[in-house]
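Trainee: Residues per chain, in single letters:
There are 2 protein chains.
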Amino acid sequence: TILLRRRPSTPGVITLHNIVPFFSQGLQLILLMLFEIYLFLCVLQVNCVTFPLPGEGPEQQLLKPNDWSYCDYFWADKKDPQGGACIPGIEVLIQKQLKGKTLQKEMAEFIHERIKIEEEYAKNLSKLSFSPLAAQEEGTLGEAWTQLKKSLHDEAEVHLKFSNKLHSEVEKPLLAFRGEHFKKDLKKYDHHIADLRKQLASKYAGVEKARKALADRQKDLEVKTHQLDVKAHKHEEDIKKARRKSTQAGDDLMRSLDFYNQTQCKWFEEMVTSSMELEKMEVERIEFIQTHLRQYTTLRHETDMFNQSTVEPVDQLLQSVDPGKDRELWVRENKTGEVRPVDLDI
Amino acid sequence: TILLRRRPSTPGVITLHNIVPFFSQGLQLILLMLFEIYLFLCVLQVNCVTFPLPGEGPEQQLLKPNDWSYCDYFWADKKDPQGGACIPGIEVLIQKQLKGKTLQKEMAEFIHERIKIEEEYAKNLSKLSFSPLAAQEEGTLGEAWTQLKKSLHDEAEVHLKFSNKLHSEVEKPLLAFRGEHFKKDLKKYDHHIADLRKQLASKYAGVEKARKALADRQKDLEVKTHQLDVKAHKHEEDIKKARRKSTQAGDDLMRSLDFYNQTQCKWFEEMVTSSMELEKMEVERIEFIQTHLRQYTTLRHETDMFNQSTVEPVDQLLQSVDPGKDRELWVRENKTGEVRPVDLDI
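Which chain is which? The protein sequence lines are A and B, in order. If you're matching positions, the first sequence starts at 1056 in the working numbering and goes up one per residue. If you're matching positions, the second sequence starts at 1056 in the working numbering and goes up one per residue.
These are computed hints drawn from the structure, not numbers from a lab. Everything numeric in this text was worked out from a predicted model, so none of it was measured. Treat the hints with care, as some may be off.
Note that the list lumps identical chains together, so a pair holds whenever it fits in one copy or between two copies.
[As the list claims (entries may be wrong)] With a straight-line Cα cutoff of 30 Å, these simulated DSS-like cross-link-like pairs (lysine-lysine) come out:
#1 Lys1171 to Lys1204
#2 Lys1267 to Lys1216
#3 Lys1156 to Lys1119
#4 Lys1171 to Lys1216
Bound-form chain A, shown alone:
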């Protein structure tokens, strides 16, 4: 398990809680201003996600160095080239899986076309092997010829077997891999993370509101402290009241900041786990396709080998073709008479 995130210990930034008790109101105000300025110097919000400014903050190590892991490269949203809405990083990963599913289906389609070609070829070979052409050839030559014609039927069988295995061992698995629910499952990641992003946005709005409220309170306190032309005791009361309210506003800001950061943290963790699952999916997809394309080449090799064997019996019978034997055979059947004529004599 990897360390999910490292809190940037931004040096010099001390959270209000620590300092409020110890400083005079004037210093408090100045510090508060400084914090806000610092805040907008060292971080950057993009679509309500907070990133460190380039160069600012500590060096970030990749979560899985040298691994090109999805979990390290899809934190930002992708600018839509059409300048339309931005696409969240997770969406890019999901699109990749959806495209993968389509490609896998197209490969199955390709194999299906090959199957049809093989079936057609086998059909034609088998048909020709039954043709009566030169069926009357006799003797050893006739036997060789008959075997040659038969060998076409054997070839047809080989190609038919090839197409059947292509169907059951390549096309079908490619079609079956990642069934109907696959797209729904992917959408789940999408929705879940989109939902967290919405929460993040509202929490961010909360922070902004609280920050604004604090600023107002602080101005009000400042004004009050510099009013000298009012009755002293009444004046004291006002200042106390204003100070209480501004402290209150500071605490509110702290609270909404925590809400925001908690939500961002949830989103972060969800991003890491989801992207790593999508990464695993892609590895599975590639290995699955690799395995089944290997099965295709194995079947092709088998086919060539079986094809070889269909010719061998023809070769053997061609070798034992013997014109002498064939003549004997034919003469035995067709001879008209072996008694030679003799001279006629008185």
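Guided by the hints, dock chain B onto chain A, whose structure is given.
Mentor: Leaving out everything else, chain B in the frame of chain A:
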């Protein structure tokens, strides 16, 4: 060179020439009768060809023993099963060659059909190899997939090469073997021998006529010799005259016998040479077809081997499919941002 024929030295048959001078007319007549009777006992005419009677005459050795040579088995005419005209032995041999020519043409036809099947198969494979299916697959998997598609085009090339070679090295030679003049050349044998058979028939008719004439003369002489009731001197004259005429008729018979035997001898020799040429033709035909069917199987073997090689590059690229590499490639191109979010802090 084989001894073409062996004159049957039929024991006890002595030709007229030898005996006429030495015997009295009475004995002459008796001998003549005996000869004719003997003649019809020890030989047998079939369609004007003279064969020894089964069992009669000397044992005949085959011209080419243990060779089943055409020249030994087609002396008689073949009875037409439809009971129509007889078919001469030579005709049976010629029919065999004509049938061979047809079979050879049918084999070429069969090969042509095979060529068409291969062309169709190659066309379909090549077409499919150019299909855009799953063309968007990326990285090492994309390369393997692209090579797999390309391999179909290579296969198509292999089958196209096969069909081209089938055309030039098997179909064409089978069609070209024994060109247009072949049937004419065969007819020549036919006509030549048929012509000799016609001559044989007319010569045989001549023999019959001469034999009849001799018989008449002999009867006439016999009658004359037993007439006693006529004047002696006139009687002597008649007998002399009759004897001259019968001797004359005997010589005519001898001459027509010689003509007949000479013609039969010509026919015999023509039969032997022709049948042996036809036998050579059949050996050539069988060996020619054997050679070209062997060429067919050789091309088939080549095709299977070349086919094997089309799959190998696919296998190699499939082995180097690497999900990690593909992820790096894709992430480099599609990453949205590697800077991780940080806590928002006052």
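Trainee: Give me the numbers of the hints this structure contradicts, sorted from smallest to largest.
Mentor: 2
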